[in-house]
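Protein chains in written order, with this note's numbering: chain A, 1 to 445; chain B, 1 to 394; chain C, 1 to 429.
Fair warning: there could be bad hints in the mix.
Taking lysine-lysine pairs in the DSS-like style, the calculated list, with each CA pair at most 30 Å apart, reads [said to hold, decoys possible]:
no., chain 1, residue 1, chain 2, residue 2
1, C, LYS104, B, LYS317
2, C, LYS180, B, LYS146
3, C, LYS180, B, LYS317
4, C, LYS410, A, LYS387
5, B, LYS317, C, LYS113
6, C, LYS73, A, LYS396
7, C, LYS354, B, LYS128
8, C, LYS177, B, LYS146
9, B, LYS317, C, LYS177
10, C, LYS38, B, LYS317
11, B, LYS317, C, LYS142
12, B, LYS128, C, LYS389
13, C, LYS177, B, LYS293
14, C, LYS385, B, LYS128
These aren't lab readings, by the way, just hints derived from the structure by calculation.
Fair warning: this is a prediction, and the values are worked out from it, not measured in the lab.
What follows is each chain in one-letter form.
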Amino acid sequence: MKCTIGIDLGSTTTKAVVLDEEGLVLGRGITNSRSNYDVACEVARTEALLDARFHLFERTVGDDPDLREKAGPFIEALRRNFQREQHLQQIGELEELCRAHARDTSKGVQRALDGIFEGLRTESEDLFGPGRKPRSDFFRDIAGSRYMALAEWWARKQEVPYETLYGLFDKSIIAVESRPPSTGLQESMAQALGRTLGEWKTEEELTQRLKSGVEQAILTNLTEVRTVGTGYGRARLPFPRECIRSEILCHGMGAHATFPETRTVLDIGGQDTKAIQIDENGIVERFQMNDRCAAGCGRYLGYIADEMNVGLHELGPMAMKAKRPVRINSTCTVFAGAELRDRLAAGQRREDILGGLHRSIMLRAMSLLARSGGIFEQFTFTGGVAKNEAAVAALKELVEENYGERTMNISASSIYTGALGAAIFALREARGERTPEPQTTGGAQ
Amino acid sequence: MTTTETTPIEAWTRRVEDLVLDLDLSAVRAWKDAQPGRKAIGFLPTYVPRELIHAAGMLPVGVLGAGEELEIVRGDACFQSYICHLPRSVMELGLSGRLDVLDGMLFPSTCDVIRNLSGLWQLEFPDKFVRYVDVPQNFDPEVGGKFYERLLRELLGELCALSGKSPEEVDLAASVRIYNTNRARVSELYALRAEEPWRVPASEAYLALRAGMQLPPEEHTALLEEYLELARAAERPMQDNARVVIAGAFCEQPPLPLIRTLERAGCDLVDDDFMLVSRWLGPDVPETGDPLKALVDAYLAFGGEASCKYVPDGEDKGARLIASVREKHAEGVIFAAPSFCDPALLDRPMLQEALDEAGIAYTSFKYSENTGQLQPIREQAGTFADTIKLWGDQ
Amino acid sequence: MNAPVKKNVVKEPSMLRQKEMIAQHFRDLARAKEQGKKVVYTFVPGNLTELMLSFDCLPLHPEINALQSGMRKLSGEYIAEAERAGHSEDVCTYVKCDIGMMLKGNIGPTGEKLPEPDLLLLSYTGCFTFMKWFELLRERYKCPTAMLHVPYQGEGHFTEEQVQYVVDQLRSEIIPKFEKVTGQAFDIDRLRDLLGNSARAEEDLVYVLESAKKRPSPIDAYFGGVYYIGPLFTAFRGTPAATEYYRMLREEVDARAAAGQGPITPDGLLDEERFRLVVEGPPNWTHFREFWKMFADEGAVVVASTYTKVGGTYDRGFRHNPERPLESLAEYCLGCYTNLNMPTRVDMLTNYVKDYEADGFLINSIKSCNSFSAGQLVMMRQVEKRTGKPGGFIETDLVDPRYFSASNVKNRLESFFQMLAQKGQEVPA
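So here's chain A without its partners, still in its complex pose:
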């Protein structure tokens, strides 16, 4: 089967989208960008291709009237168990590296590691048990917080410094993250399938058909005919220049593909905020990107989360609990920490401060939208920050205050908008359609 791939190499996360020949989304993958863009790109691509196989399986069983009804829960269970396999595999890698780093440490440390990893493995049963869904896509987040908690307990028990145990994790995690999860795909899938079938109480004949559907999806040959890269790190992508498109074009196209009535797109990523106006074909009419000031970007929220010592994903829910959001005037990233501490010291509620902060960040986005010409019907909000409910609520409020009623689209997979646009460009080129040429070689070189 032929497919095209779009990769969006963002400053925080790297996303990949796989399209089939019809332009339908086959798979999506996401990973932390880290400092190594090549690896990030490879990890995201592999994840997306894995995801594609689940979709293929879905299609196969979807065609079978007997299986159709069972398919949903079955695939969910299969994914969950596959994730668990991957998780266990990564725990194995993490342990291997931690132990290598701990070679010259005391017995106590070694014993603490035994305890930690045993704990991690046991917990994973529960973590990926039926009906459960981990709260992050990233191994670092899932394993990290549990590792820390276990390390604290074991450090006390073994009377070894917590910092040593923390340091081992810190030294090892990047290498774990940097390994593409492709190794042992077949075994992992077989394990996951076995486990799923074990959980699954159904008749033998149907089980066999589900099993063969999975095997068929695994064995399908996916041929990548073209890949287009985009995003902040696109210049560093390991592709030829003609396979690179600007984020603006890709976000415009991706938003158009998701919500065809879109005319205005707001994308808030880690490092950049973009306001894009597109026409009825997804062609970019005008755009504005944030100026040098990083206030109002996702990075700013990350900074605030660090200051408050909470996870990035916890900010939105906390801010939603604001009763009387305070007004924050300084969105300067440099000052944010100081202002935050000032306000906390002055006795203001954390939730109220966060509520105010979300509004002030969205104010910056509103200005950028105004710079680009305004907000037209329909309005699509994309990027990592679109996942933050408090940010969305603040934006809705501001849009209504300033422009009246507007349809505001947010796709569940909005973070993949740029990668989707890139994949569409790849598909169009693969079909021989003209798409804007990127760089030429210009003057005499």
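Assemble the complex: chain A is given as a structure, and chains B and C must be docked to it using the hints.
Chains B and C in isolation, oriented as in the chain A frame:
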């Protein structure tokens, strides 16, 4: 008397604060509504001859930004992050319709930003009367004076055309008198502050002055008189604070909480350059002869000083500031300038050098009209106040 | 692709000529004191070069020194020096670069110490910062300062009163100061001769700038343009050398146009004109080459720019006029680009986009320069509205290397060019 009871001066403060912080300019609307056909003209810092607007039968309204109260959306869409805050809030006020009550706007030659804002106003509000008001940087009566006189005559003509007042009806001399009286009260206020600063907290003096940006001068004069009486009568404990002069705040205004922060940090602000338009000419513009000529001569001979005005003789740089320190028996200077204010910030090293030579202590910080972080300023001003109290006499 | 091959930077013969002129000028400056010549510091906008030359003075432009320091990668150090001396990080970096250079011994672009000024000619035209700048230099040099206040064209045109005011200042303030400093009497006939030369050179400059209306444009009116304006905007206006330079330049451009050639970039002749752009705002000097290359690599040619009008808006028809020497100097000053109000600037940009058949326009917003930058976002929307062409927006600085983020600028430029390409291919439904 119980502590919950409001003293007359507290009541006065509350009333005036409401007026000053009212971004919808209700006082201006009320003035206009009182008589059909009345018009109001806005102006930006630093200086415009308000007498001309008044003589043309209109209300001069100071547009000094929106302080810390207003959320900026449209204003930020007009200016990059490295431009000061004032034009953003003024643009926000304009584009949100809050300045619709004004029938025209005057943009004085304060700096490149306000200068350019005059053109933006022409683009954004094509139906409004908009003038850029130059002032001469050449102070020779035969050269700069001649130019300025023509400019003012033309402006007066245009203002009258707008208000519908015929030139015969114009009594500019009367307007000069009214503003002379107003400036005399302003001087009195500053004198009282310098003499007995505990009677006149800077924040109250600020409010008293700022009210004049919206009220007709006659009413403002009365309000000043009311305050002076209250302040003289109020029983307030004498305090041993540091006496300081504020320099650099002649355009974008520090927010009221910042002024209060300075007070609480132990600084008596015995002089400042807030709202210089109220004091630029002094109370003694000649009331005889050609009043327009009198305004011109007053500008050339003793017009105020701010970083937007050229100092022809290098020896005079900082002289006015030093004179103010000496006259008001101040112990130091606080350079408080808006972030990204080119005139104030470029002037600062020269003024500091002059203060160094004169042996006057100073400290410096930047603010913006919506500054929310007062803690560092409180600490800095507190340390400065302590330092000059401890070491000032040595 | 970007292999480090040994590269010869390609230069036009006129460029080499200009380089010689500048080198000679700095040699003259270095020997000014021993030869008894008076040195006058002044600014590019509203410069009174013919008047200075009529008194045999040597002009020196702190702005040019600053931009030269920027190009020679010295500005960062100079700016740091000025900031150490108490200047705010917020203010104009031309000023800080100049002050820093002065504090570090005033070594000019040729490596020789620059002479101190005998006179500061503060032609206060289109920029408030100029006034502060020379107040700062006056503190240091304690030399006579002549202030020429050029009123702003707030209403979009200059008035008779404004011209009269400037002429009055020339007569009562500027000329007497020159007479006092040089000991020479004002010679109006000499001034007339020089003004006549100027007008001829101005004619040729306009011809060159307007050659960009051709397709392909034989010039780049921004990156190349900053070289073309050099002699007329600085020490050479009114000299036979300048007149000769512009004749030569005109022939060069004519030859390229006749051959259907595009502009010469540092990497050689640009062989494909893919985008025609109008640019508002000064360039960045610290990464000038790199910045230019971001355009040239994409086949983007600037066909008109406003920066090339800071030292005079000759393409709007102004010429120095020997018949009205002082009046025409006054009108020259009043007409410099940054002395025009925002509506006029919007008109100019709109006309450029239309007259030069540009695909889009780009604003290079300069942190240092409020005179240029304050309001550019409004200008952008106005020009977009009037021309229907998209505007791009990037931020850099004149000479502060901390304020040029190559990846940031390139990211935005690439997006902008790709948007233009995408629009260009759009098939009307």
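Checklist entry - If you check each hint against the structure, which ones fail? => result Violated hint: only 6; rest satisfied.
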